[in-house]
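Quick mapping for you: the protein sequence lines, in order, are chains A and B. Under the working numbering, the first residue of the first sequence carries the number 62, and numbering increases by one thereafter. Under the working numbering, the first residue of the second sequence carries the number 659, and numbering increases by one thereafter.
Simulated from the structure, these hints should not be mistaken for lab results. Hints may be right or wrong, so weigh each one.
[What the hints assert, rightly or not] 27 Å max Cα-Cα, derived DSS-like pairs, lysine-lysine:
id, chain 1, residue 1, chain 2, residue 2
1, A, Lys85, B, Lys753
2, B, Lys726, B, Lys753
3, A, Lys129, B, Lys726
4, A, Lys85, A, Lys139
[To be verified] Derived Cβ-Cβ restraints for the label pairs, each shown as a range:
id, chain 1, residue 1, chain 2, residue 2, range
5, A, Arg125, B, Glu734, 38 to 48 Å
6, A, Pro142, B, Gly763, 23 to 33 Å
7, A, Glu75, B, Lys770, 32 to 42 Å
8, B, Phe676, A, Glu79, 48 to 58 Å
9, B, Thr686, A, Glu75, 42 to 52 Å
As the structure is a prediction and not an experimental result, all values here were calculated from the model. All C-beta atoms, glycine included, are put in the ideal place defined by N, C-alpha and C.
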Amino acid sequence: DAGVIQSPRHEVTEMGQEVTLRCKPISGHDYLFWYRQTMMRGLELLIYFNNNVPIDDSGMPEDRFSAKMPNASFSTLKIQPSEPRDSAVYFCASSLVGISTEAFFGQGTRLTVV
Amino acid sequence: GDSVTQMEGPVTLSEEAFLTINCTYTATGYPSLFWYVQYPGEGLQLLLKATKADDKGSNKGFEATYRKETTSFHLEKGSVQVSDSAVYFCALRGKAAGNKLTFGGGTRVLVKP
Chain A
62 DAGVIQSPRH EVTEMGQEVT LRCKPISGHD YLFWYRQTMM RGLELLIYFN NNVPIDDSGM
122 PEDRFSAKMP NASFSTLKIQ PSEPRDSAVY FCASSLVGIS TEAFFGQGTR LTVV
Chain B
659 GDSVTQMEGP VTLSEEAFLT INCTYTATGY PSLFWYVQYP GEGLQLLLKA TKADDKGSNK
719 GFEATYRKET TSFHLEKGSV QVSDSAVYFC ALRGKAAGNK LTFGGGTRVL VKP
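My request is simple: use the sequences and hints to build the entire structure.
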């Protein structure tokens, strides 16, 4: 398996524009996590899914953020409208079910909002 | 809810020095514990894990023991190399928290030749 695949790797956009980040989890994995990493706040869990169903979105910063998982092989994180404070690295990770299983991370998307 | 606290960095060491990164946790029940490593420009990757009390995880010369009595999972390496320079994250995953994977703040380690 190619691992967790995120696209794009880098995104530069202007304030107010819509941004969509994409993630393809490892085939057969039941859980999908979206994290945001910044110098100030570290690694924050935004939302996670189990079998395509959102389980906990309490980490989503505000209504400008939304995430979907229409099927087991694809998820999106959308920011509309984007703001400069959304600039960060966004990671997607997937795992099998069970607390003893580790999550596998993608390479991340570096988002810059100017 | 579940939480992980790890020592703040940066930690700066000379090559071949001993490394310890402290990690303590708060969780309901019996979580699994993990150490992840992040090299510059990359995603996180699993370094080691332990799934029950007194288990020792080990990989690439790194070790950590699951201590339930002190709710700790400290990372150690006896002799670090320049290539160990990275950010290290302690994490836990528990059933009571819905299988959520919770991370500490990360510790940056810099090893100088």
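Structure-based check of each hint:
About 25 Å separates the Cα atoms of A/Lys85 and B/Lys753, which keeps this hinted pair within 27 Å; it holds. This hinted pair checks out: B/Lys726 and B/Lys753 have alpha carbons roughly 16 Å apart, not beyond 27 Å. The hinted pair formed by A/Lys129 and B/Lys726 fails the criterion: a straight-line CA distance of about 37 Å is larger than 27 Å. At most 27 Å may separate the alpha-carbon atoms for a hinted pair to count; A/Lys85 and A/Lys139 meet this at roughly 15 Å.
One distance hint, 38 to 48 Å for the beta-carbon pair A/Arg125 and B/Glu734, holds here, with the actual separation near 42 Å. Evaluation of the 23 to 33 Å hint for A/Pro142 and B/Gly763 yields a pass: the beta carbon distance comes to about 29 Å. For A/Glu75 and B/Lys770, the Cβ-Cβ distance of about 41 Å falls inside the hinted range of 32 to 42 Å, so the restraint holds. For B/Phe676 and A/Glu79, the hinted distance range of 48 to 58 Å is satisfied, since their beta carbons lie about 50 Å from each other.
In this structure the supplied range 42 to 52 Å holds for B/Thr686 paired with A/Glu75, their Cβ-Cβ distance being about 44 Å.
The structure does not agree with numbered hint 3 stated previously, though it agrees with all others.
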